[in-house]
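Those protein sequence lines, which keep their order, are chains P and G.
Residue numbering for the first sequence follows UniProt numbering, starting at 1 and increasing by one per position.
Residue numbering for the second sequence follows UniProt numbering, starting at 1 and increasing by one per position.
Source of the hints: derived by calculation from the structure; they are not laboratory data.
What you are looking at is a predicted structure, and each value in this text was computed from that prediction instead of being measured.
Every residue gets a Cβ at the ideal spot worked out from N, C-alpha and C, and that includes glycine.
Please note that the accuracy of each hint is not assured.
As the list claims (entries may be wrong) - On the chain G side, residues computed to face chain P include the following (Cβ under 10 Å):
1) ARG43
2) ILE50
3) LEU54
4) ILE69
5) ALA70
6) ARG333
7) THR350
Stated by the list, open to error - Covered stretches of chain G, going by a simulated chain P footprint (3 or more residues, C-beta under 8 Å):
8) 320–326
9) 357–366
Protein chains: 2
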Amino acid sequence: MCTGRIVYPVFYNISFESAEEHASETETHVLKIGVIGGGQLARMMIPAAINLALDVRVLAEAPGSPAEIAATSVGDYRDAATVLAFAAEVDVITFDHEHVPQSVLAALVATGVRVHPGPDALLYAQDKLLMRAKLSELGLPTPDWAEVRSAAELQTFLDAHGGAGVLKTPRGGYDGKGVRVVRSAAEATDWFTAVAESGDTGSLLVEELVDFTRELALLGARRPGGQSAYWPVVETIQRDGVCAEVLAPAPTSDTAVAAEAERIARALADGLGITGVFAVELFETRDGRVLVNEMAMRPHNSGHWTQDGSFTSQFEQHLRAIADLPLGDPAPRAPITVMANILGGPVEGTLADRYPLVMAQFPEAKIHNYNKEPRPGRKVGHVNVTGTDLGEVRTRAREIESLFQG
Amino acid sequence: MCTGRIVYPVFYNISFESAEEHASETETHVLKIGVIGGGQLARMMIPAAINLALDVRVLAEAPGSPAEIAATSVGDYRDAATVLAFAAEVDVITFDHEHVPQSVLAALVATGVRVHPGPDALLYAQDKLLMRAKLSELGLPTPDWAEVRSAAELQTFLDAHGGAGVLKTPRGGYDGKGVRVVRSAAEATDWFTAVAESGDTGSLLVEELVDFTRELALLGARRPGGQSAYWPVVETIQRDGVCAEVLAPAPTSDTAVAAEAERIARALADGLGITGVFAVELFETRDGRVLVNEMAMRPHNSGHWTQDGSFTSQFEQHLRAIADLPLGDPAPRAPITVMANILGGPVEGTLADRYPLVMAQFPEAKIHNYNKEPRPGRKVGHVNVTGTDLGEVRTRAREIESLFQG
Numbered sequence: 001m002c003t004g005r006i007v008y009p010v011f012y013n014i015s016f017e018s019a020e021e022h023a024s025e026t027e028t029h030v031l032k033i034g035v036i037g038g039g040q041l042a043r044m045m046i047p048a049a050i051n052l053a054l055d056v057r058v059l060a061e062a063p064g065s066p067a068e069i070a071a072t073s074v075g076d077y078r079d080a081a082t083v084l085a086f087a088a089e090v091d092v093i094t095f096d097h098e099h100v101p102q103s104v105l106a107a108l109v110a111t112g113v114r115v116h117p118g119p120d121a122l123l124y125a126q127d128k129l130l131m132r133a134k135l136s137e138l139g140l141p142t143p144d145w146a147e148v149r150s151a152a153e154l155q156t157f158l159d160a161h162g163g164a165g166v167l168k169t170p171r172g173g174y175d176g177k178g179v180r181v182v183r184s185a186a187e188a189t190d191w192f193t194a195v196a197e198s199g200d201t202g203s204l205l206v207e208e209l210v211d212f213t214r215e216l217a218l219l220g221a222r223r224p225g226g227q228s229a230y231w232p233v234v235e236t237i238q239r240d241g242v243c244a245e246v247l248a249p250a251p252t253s254d255t256a257v258a259a260e261a262e263r264i265a266r267a268l269a270d271g272l273g274i275t276g277v278f279a280v281e282l283f284e285t286r287d288g289r290v291l292v293n294e295m296a297m298r299p300h301n302s303g304h305w306t307q308d309g310s311f312t313s314q315f316e317q318h319l320r321a322i323a324d325l326p327l328g329d330p331a332p333r334a335p336i337t338v339m340a341n342i343l344g345g346p347v348e349g350t351l352a353d354r355y356p357l358v359m360a361q362f363p364e365a366k367i368h369n370y371n372k373e374p375r376p377g378r379k380v381g382h383v384n385v386t387g388t389d390l391g392e393v394r395t396r397a398r399e400i401e402s403l404f405q406g
Numbered sequence: 001m002c003t004g005r006i007v008y009p010v011f012y013n014i015s016f017e018s019a020e021e022h023a024s025e026t027e028t029h030v031l032k033i034g035v036i037g038g039g040q041l042a043r044m045m046i047p048a049a050i051n052l053a054l055d056v057r058v059l060a061e062a063p064g065s066p067a068e069i070a071a072t073s074v075g076d077y078r079d080a081a082t083v084l085a086f087a088a089e090v091d092v093i094t095f096d097h098e099h100v101p102q103s104v105l106a107a108l109v110a111t112g113v114r115v116h117p118g119p120d121a122l123l124y125a126q127d128k129l130l131m132r133a134k135l136s137e138l139g140l141p142t143p144d145w146a147e148v149r150s151a152a153e154l155q156t157f158l159d160a161h162g163g164a165g166v167l168k169t170p171r172g173g174y175d176g177k178g179v180r181v182v183r184s185a186a187e188a189t190d191w192f193t194a195v196a197e198s199g200d201t202g203s204l205l206v207e208e209l210v211d212f213t214r215e216l217a218l219l220g221a222r223r224p225g226g227q228s229a230y231w232p233v234v235e236t237i238q239r240d241g242v243c244a245e246v247l248a249p250a251p252t253s254d255t256a257v258a259a260e261a262e263r264i265a266r267a268l269a270d271g272l273g274i275t276g277v278f279a280v281e282l283f284e285t286r287d288g289r290v291l292v293n294e295m296a297m298r299p300h301n302s303g304h305w306t307q308d309g310s311f312t313s314q315f316e317q318h319l320r321a322i323a324d325l326p327l328g329d330p331a332p333r334a335p336i337t338v339m340a341n342i343l344g345g346p347v348e349g350t351l352a353d354r355y356p357l358v359m360a361q362f363p364e365a366k367i368h369n370y371n372k373e374p375r376p377g378r379k380v381g382h383v384n385v386t387g388t389d390l391g392e393v394r395t396r397a398r399e400i401e402s403l404f405q406g
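Using the sequences and the hints given, assemble the complete structure.
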């Protein structure tokens, strides 16, 4: 059955169940799926939902959100009444982001609606200290870390780790926000004040400054019963703390690194009981180790390449996983796919104003426009380019990106 | 720039314009696109519209139509007031089908809205006699044909063509409806009565019964200024007059046949001034000729394979063409793609009820479900399968199709 597909042998990873096992599932199976949050991740689930005729509805934050075409409600995801009213019309709830408060998640679960990923799994994505503790409990490799409650505790950690560390707020950070490299505890005074006032634990997370050679990401999906599928490990390239480029698969990755990345992802998926697509962001160190950096419990920027570079996009896979349908084939469709984020967009006008220029030069480029107002540094779209030669594909992706900027 | 793509050298056909030519187009370019008709073709334009953030709105025939998610109006496409009210909110009008009356099209054009394809081009898709006359005028190869107004005229044609012919109602036929093989004029009495009563010209179209070895289709797209792009010629396999399977590209097709198919499509596109995606259905004869059978002025069943088998799907290409954006790359993404229609669907329940079975056995299959009630013979979805070995890919496609039936 694999004949004729571009199968990347090491990474082509899906734990198939037998057809017989499924043959007994004859009841009507299509669920109404509610997505909390109307951002670009919700938006990009919609094409997959249309193909499979899955009923996807969105609770958007505001009118005009990227996922507006499927928005059936507009309201605040922090308000339990709003979320419960939305959830009453669907069979399963999933998320565009990880920010729904645990109290609202608990109220959702109490109504009996399926919530995927569940509150227990989401908690780790919401709180970096809990995640670090869980990773250590699972025996997975991470940078050295500590929970620090004071400048003195922080200084002790820094002194033990070459005088430098990466300080993180446990909650609320993303795209480089809530992350700071510090070389003395004095540089952290404002954050200790802020977390003390926030009503949280008052703690910060500090991690050793890892001497990494590059960043990798491993994207997977898991069904409620445990079936899982993994895309090949990719390299992610950040600019100013934001993902700028993804190279799929990670170039010159030796099989040991790829296997270790996948081992970590599998252990996390099963250890946390994740349902849905998730991503593990990793450091590859100078001495050949793989360490967990961050984790996301949802489709992720490092997986946008799958829309045009894999047989199954992360958005289709997420819908399959949360609807408890057999997972799709994560095999790559091309030897190389490069995803380039469009960060900011044009100074004047919209991305679409650049279509004549971009499309005439790059008729093969797959453009994904989130329909968001351009703003410096904002993720407003991305482009996927496929090919066989990494340098050539990457050059094309960067040229396209630059045509959408400035 | 072609490195890294699976380029099928003979067929990779897009008339590129220079980037400089486009560089001057700096005005805001995104149009509001109105689609008349809410069937599966309109439905399948929506994922492409979401990717490119094109604003696509649908005038659907009824609530619950396949394209409902983008429906902003529900009403009768034969009613000028309904259509004009819908068109007032958009910049360009296109179609899910070819049935909008010429009087309504003329009223649309009079308002100044862009109509693509235009009434002149649509007329040929609406009237098979006009199409045959136009084809002959353009010097393109067709089966021998005649306009017949009486049993006597029909008998004369039959006598001159071996005693048999294919009789067609000039208007309203599709999927084998309005087509009948006749061996005597007596078999046509009811149709002559019907067309006489219909208020049309009272004529029928008769064509010679072609000794064809197989049916081919050539799908292309054309922008208002004339830029055009052509996908490789495909083989279409009909059952009971309905397209059942498409093999892309057409197997063992010699380059002469492929070149002739494309020559015909180019001549038609330019000769009729088409804007948008169109399809030419062809006969390949035992003696190696290629004859035009039918023509469609819209995305077409013979092009569904492009959704997963080409860099640019026919639906994205149609939107690019009617929005006057540079056309996308029509190159295949795999050596072989087979599209199998799901005709009828399950006797009980819905297509989605079969997902557990199908997806577990065929994780690589791309399923397209139109969200239509199953009914014998009805096109309710299709599946695309890619690979390198035609026999193996076709077997998989048929197995999947059979899992959705019965």
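To see whether the hints hold, each was checked on the structure:
1. The interface hint given for ARG43/G is met, as the beta carbon of that residue sits about 7 Å from the closest beta carbon of chain P, less than 10 Å.
2. At its closest, the beta carbon of ILE50/G sits 5 Å from a beta carbon of chain P; the interface hint therefore holds under the 10 Å criterion.
3. Interface hint status for LEU54/G: upheld, as the beta-carbon distance to the closest one in chain P is roughly 8 Å, under 10 Å.
4. For ILE69/G, the interface hint holds, since its Cβ comes within 10 Å of a Cβ in chain P; the closest pair sits about 6 Å apart.
5. A hinted interface residue such as ALA70/G counts as satisfied when its beta carbon comes closer than 10 Å to some beta carbon of chain P; here the least separation is about 7 Å, so the hint holds.
6. Contact between ARG333/G and chain P, as hinted, is supported at the beta carbon level, the nearest pair being about 6 Å apart and thus within 10 Å.
7. Annotation: THR350/G was flagged as interfacial toward chain P, and the flag holds, the nearest CB pair being 7 Å apart, inside 10 Å.
8. For a cut-off of 8 Å, the count of residues in the segment 320–326 of chain G with a CB near a CB of chain P stands at 3, and the three-residue condition holds.
9. Coverage of a stretch by a chain is defined here by at least three residues with a beta carbon nearer than 8 Å to that chain's beta carbons; for the segment 357–366 of chain G and chain P the count is 8, and the condition holds.
Hint check: no violations occur; every hint is consistent with the structure.
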